[in-house]
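Student: Respectively, the protein sequence lines represent chains F and W.
Here our numbering is used: the first residue of the first sequence is 1, the next is one more, and so on.
Here our numbering is used: the first residue of the second sequence is 115, the next is one more, and so on.
Do not rely on the hints blindly, as some may be mistaken.
Residues of chain W placed beyond 12 Å of chain F at every Cβ, according to the derived structure [said to hold, decoys possible]:
hint	residue
1	T121
2	P122
3	Q125
4	V138
5	F159
6	D176
7	G186
8	K192
9	S195
10	E199
11	D200
Computed list of lysine-lysine pairs in DSS-like fashion (alpha-carbon distance at most 30 Å, straight line) [to be verified]:
hint	chain 1	residue 1	chain 2	residue 2
12	F	K73	W	K171
13	F	K55	F	K73
14	W	K156	F	K55
15	F	K73	W	K156
These aren't lab readings, by the way, just hints derived from the structure by calculation.
By construction, the Cβ of each residue, glycine as well, lies at the ideal position given by its N, Cα and C atoms.
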Amino acid sequence: AQTVTQSQPEMSVQEAETVTLSCTYDTSESNYYLFWYKQPPSRQMILVIRQEAYKQQNATENRFSVNFQKAAKSFSLKISDSQLGDTAMYFCAFDPLSGSRLTFGEGTQLTVNP
Amino acid sequence: EPEVTQTPSHQVTQMGQEVILRCVPISNHLYFYWYRQILGQKVEFLVSFYNNEISEKSEIFDDQFSVERPDGSNFTLKIRSTKLEDSAMYFCASRGGPSTDTQYFGPGTRLTVL
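Next comes chain F alone, as it looks inside the complex (with noise of 0.2 Å):
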């Protein structure tokens, strides 16, 4: 069974600053999906990226980028330029394909202040 570990409950940044979510996981998969999803209050799963295991190219999706390290099964998400409506939980999920379930981590809860 897989398992996907957040350490960090919340973090804080400024307005227009960087900040880095960090996610951990477990499995003995070799191809599999990792994504980041945003839960702003209203409770909506929305995706923010997703990054292919057997690609070596760190995804980016405008402000968005992951640092990928397959090896350390290590799946950061970097946010640039922060804004306010970035605030929200960021919750990392694992897919092992095949039609399977998603497995996410606890979630992190991000608070951009002005």
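Got chain F sorted already, so can you dock chain W onto it with the hints?
Tutor: This is chain W only, laid out in the frame that chain F set:
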């Protein structure tokens, strides 16, 4: 852009009552999922559904729960006799294929059991 929809957005029920949560997955998707999130906790997998049958279920998904795809578009989660601890946000998700797509989440149904 296609999206997963869920109804109702909020359901209030009395303990012991039956509830049905409804989801309309993205039209050409083949894999369907239900997840649950108790307030302040992480997202937990309940069940996955493929080819008109359950493909995987968690320990949470006991005999009180059932899923159905009654027609070509809807995917439902039924809780036969609700308990106070069933109060949570319930998310439906769908994906097109087992290994080539992302799970797309609906906006969720907030279930409150009194």
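Student: Does each hint hold? Answer for all of them.
Tutor: Each hint, compared with the structure:
| no. | hint | in the structure |
| --- | --- | --- |
| 1 | T121 | holds, 14 Å |
| 2 | P122 | holds, 14 Å |
| 3 | Q125 | holds, 14 Å |
| 4 | V138 | holds, 16 Å |
| 5 | F159 | violated, 4 Å |
| 6 | D176 | holds, 17 Å |
| 7 | G186 | holds, 19 Å |
| 8 | K192 | holds, 20 Å |
| 9 | S195 | holds, 25 Å |
| 10 | E199 | holds, 18 Å |
| 11 | D200 | holds, 16 Å |
| 12 | K73/F / K171/W | holds, 26 Å |
| 13 | K55/F / K73/F | holds, 14 Å |
| 14 | K156/W / K55/F | holds, 27 Å |
| 15 | K73/F / K156/W | holds, 20 Å |
Checked against the numbered hints given earlier, the structure breaks only hint 5 and satisfies all the rest.
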